[in-house]
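From first to last, the protein sequence lines are chains U and W.
Start counting the first sequence at 1; every next residue gets the next number (the working numbering).
Start counting the second sequence at 325; every next residue gets the next number (the working numbering).
Heads up, some of the hints might be wrong.
Capping the alpha-carbon separation at 25 Å, the derived lysine-lysine pairs in DSS-like fashion look like this [claimed, not checked]: (1) U:266 <-> W:454; (2) W:656 <-> W:808; (3) W:443 <-> U:266; (4) W:701 <-> W:737; (5) W:496 <-> W:652.
Pulled a few chain U residues facing chain W out of the computed Cβ check, cut under 10 Å [stated by the list, open to error]: (6) 172; (7) 181; (8) 184; (9) 193; (10) 213; (11) 214; (12) 218; (13) 250; (14) 254; (15) 288; (16) 291.
These are computed hints drawn from the structure, not numbers from a lab.
Every residue gets a Cβ at the ideal spot worked out from N, C-alpha and C, and that includes glycine.
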Amino acid sequence: MTTTLWDTNGGDIVKALLVERRAAGALASGLALSLVVVVDEKHVAEAETAATVAAAAHPCRLLIVVRRSLERDNRIDAEVQVGGRLGPTEAVVMRMHGRVALHAESVVLPLLAPDAPVVTWWYAAPPDVIATDALGVLANRRITDSAQASDPIAALQRRAEDFAPGDTDLAWSRTTPWRSLLASAMDPVDSAASTATVGCETGNPSGALLCGWLTSKLGVETTVEDTKGPGITEAGITVNNGYRVRITRPDGRLATLSLGEDPERKLPLPRRELGDLLAEELRRMDPDYVYAEALSAATGVGGLDQRPATRTHVWRDPAWAESG
Amino acid sequence: MSRPETNPLRDPRDRRLPRVPDPCALVVFGVTGDLARKKLIPAVYDLGNRGLLPPGFVLLGFARRDWGVGEFESLAREAASQHSRTEFREDVWRRIADSLSFLPGSFDDPEGFDALAAKLVELEETHGIKGNAAFYLSIPPAAFPTVLEQMARTEMSDNSVRGGWRRVVVEKPFGHDQQSARELNELVDRVFTPNDVFRIDHYLGKETVQNLLALRFANTLFEPIWNSHFVDSVQITMAEDVGIDGRAAFYDSAGAARDVLQNHLLQLLALTAMEEPVSFDAEAIRTEKIKVLNAISLPRDLEHDAIRGQYDQGWLAGQRVPAYLDEKDVPKGSTTETYVAVRLGIETRRWAGVPFYLRTGKRLPRRVTEIAVVFKKAPHLPFDATDTVELGQNQLVVRVQPDEGVTLRFGSKVPGSAMEVRDVSMDFLYGASFTESSPEAYERLILDVLLGDQTLFPRNEEVDASWRVIDPLEEFWATHPPEKYRAGEWGPRGADEMLTRDGRVWRRP
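In isolation and in its complexed conformation, chain W is listed as follows (with noise of 0.2 Å):
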């Protein structure tokens, strides 16, 4: 670790200098795979970019490929010089050249690990990594017992061995189902000590995600109106537009709920829904996080508000799409849903009987994600009610993304000699003018896991917590087939009905 407290250079009023992570290797394996090419690759050189990759670096790629350092750079130099946020140019390319490794080898041969083990004490020597290793599993969930098994037997897990730090990413799936995600936490924590587990969940590293606290804990203006007294509702969305684009093998087992819901939007709905940590630090987010979490209530009727979905065939955005059943290497008559609504109550005096709705799915008009905080009609208007027909309930929508900002809606009177007061929206946004320097998700990510900072990871009672909510939801649609909505619409009818029956409806985002 980086010890600030006696670096005279170090001065905690100097905004100016960044944090920069220590000396280190950052192991990707599966580093061909779309993930590494299109975002880890291209998020290492914009940290390079910035100036926030440490003097002693090296990327080190694993994979089942014949190759050598060249094969991998031409690769790496493609994906950075085609998916990085900021300008390409060609001497921070070089630099990072020379900090490439590439090692061939699978998942379950035992030589290819132990070369690895040797060439992360080699780089100590050649590129000064000071023992210091990040692994980002970039694999599939089913070769993470194996790969791990394998990190623990030749000791590249271990703080003590080199006398630096090893830390591990994981991304989601985070298991199917909670004795699954249990059985994977117990193993990586117990190869990995808990505190060097880093779980992504790219939300997370998101700017307006972030924000969503600085807006809540750094103003007084919506604090004290964040609560059941003031709220009626609260709408979590995440909207896809594309299909399972070729993702069949994967999407058919896991579904909407286990892709989405478990992970992304409860950890949405945590930060919405959580009280006010006592201090910023990692520990106390998640701390509140998990109280929240835990008090997640399901439905007593699910069969009416836990409702699924699969897309038939239809129209988007001016082109014919196919019918889930038909999309390629999807098993004849799949029962696994690619939209999923579900009320959730939280059981706190903060919420109590506030409902939750949480939406996601595949096909739907546009790709949206947003909260929306919908507030309660004033108890009393003063006016004639033919002047606020057309007022509608205050909102405050955060805008996850695209277009990333803060809506405020709320009633306003229309210009002209009669009383008639109709909605209008203020607008607070994020992306036409800060996007250019903010950081990508997985750019923010990876420099919290070389610097060691878990704020923005879950730990693994979160995923604990929120299988809790999914396992029973899975276990009641195992015996409820989908319900078909056309492809290019908000999703299937049952979902409408859920809030119609409550008086309520989806917002349109």
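Bound conformation, chain U alone (with noise of 0.2 Å):
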């Protein structure tokens, strides 16, 4: 069910694989793309529980890419399983120290599932410029999590300005529940929106993303409220005549909705898992141009869904900028 390989190479690394489906038989056949993780070490096991539960939605393999000290010699070491503790999926994960990890891409290519979709997740702080990593060139959809970068909002802003068609973010994801919450809260009203509302902790992502959502599709100023949070804690909507929609979620789990003179209702709202979150972005493969319209108006960067939708790899030498 799992070989180990120490210090190995890229060739070998694809004969386990082989040996490996072929002991297991039929376990994963249909495969539905590829996943690239790109991770740290302290992250692995969060990551390997998250696309865990994604591939169980989605039959992929799962490539996850862990680079550690560039001082080092070059080595990698890999762990190949099939159907194992990562459940019905083709898993490798690869641990490259030295500077074959700045080539992790040459590694990953001939593994990736013949004529599939890649999808490569940064489950750490993203690239400033995904040009900058092969392994984003290379995948038809790219996944970053603004959330965890140090200051979310300038990774926002990076997104935007380096955004092409198929980048999605997390920190977007996140909002889905509540989007969907609005849309249906709104559907059986009749005239336009006044103004709107987001509630969400300071410096978070997904309350900017949420803001920038209500701008560019209902056309009015948007304001964003500083809280306690956690997360995102109210969104509200006022119509023109008067009538309005309010959505508040104080702790993270329960959420109150209002709607004109109704009674108020409660209703579970519950902060997603990870994997929840990944198996959402792996649904579709398609560029998202809803996200981009969102994050240009939470943003002020335009004509993002104007952008081509393929990079071309750009070389930088992390020695350089130690040395530059």
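Since each chain comes alone in its own frame, lean on the hints to assemble the complex.
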């Protein structure tokens, strides 16, 4: 079920995967995509758990790349699993030391499932410019998580400047339950909105994106109010005829919905697990233009949907940065 | 109805936002029954857990029990925690518990219906259901007319009275022959409007059945060969390993043909054989299904091509099982069939001359439902005759349950120095990796009812057309007792002989 390879190379990993697949029989047939996860050592377990949840919904070949210290000698350790603890999926966890980590794509490329879409997910602070990471260049879909950055709002700004169709951010997936509630609350409403508000924890990128989405869709000024959190705590829309939609969620679990004069209603609106967010991202492989519009409105960077969908790899050696 | 075109927050490109129904009540008649406990209540919980229930929602139970909402809640809670597909979470349950309601009453008691009508008005106030209600009739067919008449009398079936929509969900059997089905259809379409009647055939809610349409109409690979030039025959099987499960009263008056062939198998046949619909909306798909159902022809020789069977005692999965006639409450000398195999034709240009073999039975070796399209042999094989002895016919098998998926069987060379061709299977496992996220049939169908989407529900003309096929068979069988087969084998001898005469064999599913 598991083969561990110490100090190995790309060719041997490909062979080990083939052997594991044969041993497992039909277990992992019907691959829908390859998921490349770029992660720090300390987050490997979390990323594995999330990817396992997501893989249950979307059978994939999971390629986890851990880049370790560049200073050491070149070395790759790999663990190949088919149908093991990572669920009904094929997984290769690769730890790369030394400068080979800068060329991780040379190991990953032959491991990608043939002709299936590739998704790259950075479960770490995302690169400033995705084109500098070849693992992002070869992907059809790229998933970042601005919330992981030390300054999430600045990270969101970077994402807008660096945007190409096919990029998404987990901060955006976190808004889906809110957007779903707001959209169904607005279904029976006939007249146009006049104002909208979002309340969230200071510097919460999901709050900023929800605000951007309301601005782009309703065409009205949306204000963000800082609250204690956690995450997004409230959202409201006021319509021209005075009708109000308001959702509050002060504890991160239970929301209160009030629609016009109707009695208030409680409903669960829990903050979702990482695996559920990832599964939502893997559901569709086409560019998310609604996200592009929301991101554009949230950051003031225009023309996102006009950008070319493919990137060209830009070589940037970390050694230059240190010397220069 | 929701109006996505006027709601600025709805964007057709935004595929992340699910369709959520309007605020509404789901009224279940016979809520203490098996179906409600094992399927309906868990499905409602799963919908709630996935965030697909509207903010204003009520599950209203109606049954002949002297209960308050407390007893109903404990029943519902047990049903949801035992049978739900998704994880049982306390906070989700609390929200659903808040929207539970119960009314005691029997189906022939006018006061109960007056109370129900009043309750629905009251719920508009307390739960904001806006006058929308779907009535799920999980009741014996004999009670249908009484219940429908009561609904008509209290005007709770009338869309215009409360300004919302009123829909009704009916379970099979839809009548017991063409005449009774027409009367029932006429009644339910008069009490509600035809567009508000949802006839549940839970097979159509299964992912693989919907996948059959995707397979056929989203690919270029299969459609060119999906006709009598390439297809030799089609076998549709629905086998059950269980017996009649204590439902003797119902089953003995119906039998396998009315219970399964009339609805599930003919629907699967229609989806397999229909032409491409002009669009993927409810009306277009149903139009194509009707055309196929109307084109079905019965075999000329009913004696040999329409076989009934009844299981005798035998061994199944290592256990001794009694004969049908020895099951509890089955009348002595009953000639009800527990197995049917029939050869049907479809008189269209696409299918002329291709036999469709349909079979269903109880106490067969295993539970399986599948559609097998068997292709013709290659007209010429450039190999030596001995090279291809083990080569069968190419097959495309859609496995509906269990182990949902698609198998393609074709010939391949056996490795080695000799040229030897043998059948191999290429498998697409829908189940192994997708089941965790694929909704239960009832979950999908209840959501469609609340959304008002008729795509997966047969229309009354389809029911009528199906009975047109069944009635002559029943008439013939009335004077021909069923053949016996041993429990635990694949049906009676006559069914095997039926295929042997045509130079074919049943697939072992």
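Identify every previously stated hint that the structure contradicts and give their numbers, smallest first.
13
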